[in-house]
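From just these sequences and the hints, can you work out the full model?
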Amino acid sequence: MTEHLEAGAYNFAYLDEQTKRMIRRAILKGIAVPGYQVPFASREMPMPYGWGTGGVQVTAACLVPEDRLKVIDQGADDTTNAVSIRRFFQRTAGVAVTEATPEATVIQTRHRIPETPLKQGQILVYQVPIPEPLRFLEPRETETRKMHELEEYGLMHVKLYEDIARHGQIATSYAYPVRVEGRYVMDPSPIPKFDNPKLSGNPAIQLFGAGREQRIYALPPWTKAESLDFDDHPFETSKAPHDCDLCGAKDSYLDEVITDDAGGRMFVCSDTDFCAGRRARGMKGRLWAPKPEGVA
Amino acid sequence: MIAASDALAGGFTEAPLQSARAFREILEAMARPGTIRRVQGASPPPPLSVAAGVALLVLTDPTTRLHLAGRADCADVRHWVAFHIGAPLAAAEDADFAVGTWDALHPVSRFRIGQPDYPDRSATLIVECDRLAPHGPALTGPGIETATWLNLPETAAFRANRALFPLGFDTLFTAGDRIAGLPRSTRVENI
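In order, the protein sequences belong to chains G and D. Just so you know, we're using the numbering used here here: the first sequence kicks off at 1 and counts up by one. Just so you know, we're using the numbering used here here: the second sequence kicks off at 1001 and counts up by one.
By construction, these hints were calculated from the structure, which means they are not laboratory data. Keep in mind that a hint or two might mislead.
Said to hold, decoys possible - Under 7 Å between C-beta atoms, here's a sample of chain D residues computed to sit facing chain G:
1. A1015
2. P1016
3. R1021
4. F1023
5. L1059
6. E1093
7. D1094
8. P1116
9. G1143
10. A1163
11. P1183
Every residue, glycine too, gets a C-beta built ideally from N, C-alpha and C.
So, in structure tokens, the structure goes:
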């Protein structure tokens, strides 16, 4: 018998072939119309909605046995969501896994784009909770579909304008909408807007899967994705104004970690692989204290 | 009429793995228009090429309407499709997928281009070619860094298709075991 059946009696990558064909057709249509949300018949997965069922289905449809899979959750390889999805595919597809961004061929991500630039041959799969960028402005699917059809995106600009009127700047800091190739406005999933510039002109294939909302969309390589803005309020990225306390990186996206109950805190890279790689190369941050010699 | 046993051969021997590998090639082909990829695993009856057979096995099933154009619409192919795929055969106007030579598929304006609110409800053409080569009209657009080149059978139809964006059909070109993609989003140089 085949190796994957011996491994665990699951079909390769868990889903049945009919389902994978349906998802694969949706992915190809998504590639052909960048930024357009293709409806697909999302399946129940052995994990709750909100845990990346859309991303898991897209990954399952794309995986080949030779792949090396990386899964990150807010940049971290070692959090519950990332570990459970990585184990899921180790068990059901028998693929190799890695934490190193350059070695991975497929990367499933929850809400971050790795700091290390992606390259040709890699696929980045996003887990998307709400794929419709206009949903919180217009709850009716019939209306938002019509708005996409007519390129009627004025409402989104009104929202950004209200940000400016209220806060003096565009206060949207994550899930910042982008215009894809001058046509569809797309929700890049709740990545920080720090990551938005990496969406555009990326040499990797970027696929977005929303399981509960039953949508798949895509950015082919080198596709232009412009963050919406105004001439007098151009798009700006944002991050905590600190360096990483572990590796000293000045240009990576940071998480704030509370360290005691007296206001102590530290800032660390959200991308754990990027941070560990820098420390392995001898770069040190303010609070980096390596383990003493001889301690396991 | 062919012997039933002939129609039973030529499918994937290990469908989950072979279709996964083949889809990955098709995905790369469609996401990077103008790049030529290699697929394997199917041996469909003539006149279908290996690549066209693989594309049908990977993408079509009983839920997709298939149009066989020209010489592809023969008893051997019909039997093979019926056994391995089970896709209902349809007229060009109704098809989700169509396979045949460029001449047989003409006029391509009859294929479905989707609806303004559902541009994904459009046909995918599998165009059988004698050969695929990375020279010909220049291609630009999503999936292409600067430009790529592909020996398209003609340019006018693809330029007209691009003008319909976000509507339009999508195309896979097949020759032997080679496959290339041309989604509707690609701009084709006028020559």
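Going down the list of hints, with the structure as the test:
For D:A1015, the suggested interface contact is upheld, since its CB lies about 6 Å from the closest CB of chain G, less than 7 Å. Because the beta carbon of D:P1016 sits about 4 Å from the nearest beta carbon in chain G, less than 7 Å, this interface hint is met. Residue-level restraint check for D:R1021 holds (minimum Cβ-Cβ distance to chain G is 5 Å; threshold 7 Å). The interface hint given for D:F1023 is met, as the beta carbon of that residue sits about 5 Å from the closest beta carbon of chain G, less than 7 Å.
A cut of 7 Å between beta carbons decides the hint on D:L1059: the least distance to chain G is about 6 Å, and the hint holds. Hint status for D:E1093 relative to chain G: violated, with the closest Cβ pair at about 19 Å, above 7 Å. Interface restraint check for D:D1094: the shortest CB-CB distance to chain G comes to about 16 Å, outside 7 Å, so the restraint is violated. This hint holds: D:P1116 has a C-beta 5 Å from the nearest C-beta of chain G, less than the 7 Å allowed.
Hint status for D:G1143 relative to chain G: holds, with the closest Cβ pair at about 4 Å, below 7 Å. Hint status for D:A1163: violated, given a least beta-carbon distance of 13 Å to chain G, over 7 Å. At about 4 Å, the closest approach between the beta carbon of D:P1183 and any beta carbon in chain G falls short of 7 Å, and the interface hint on this residue holds.
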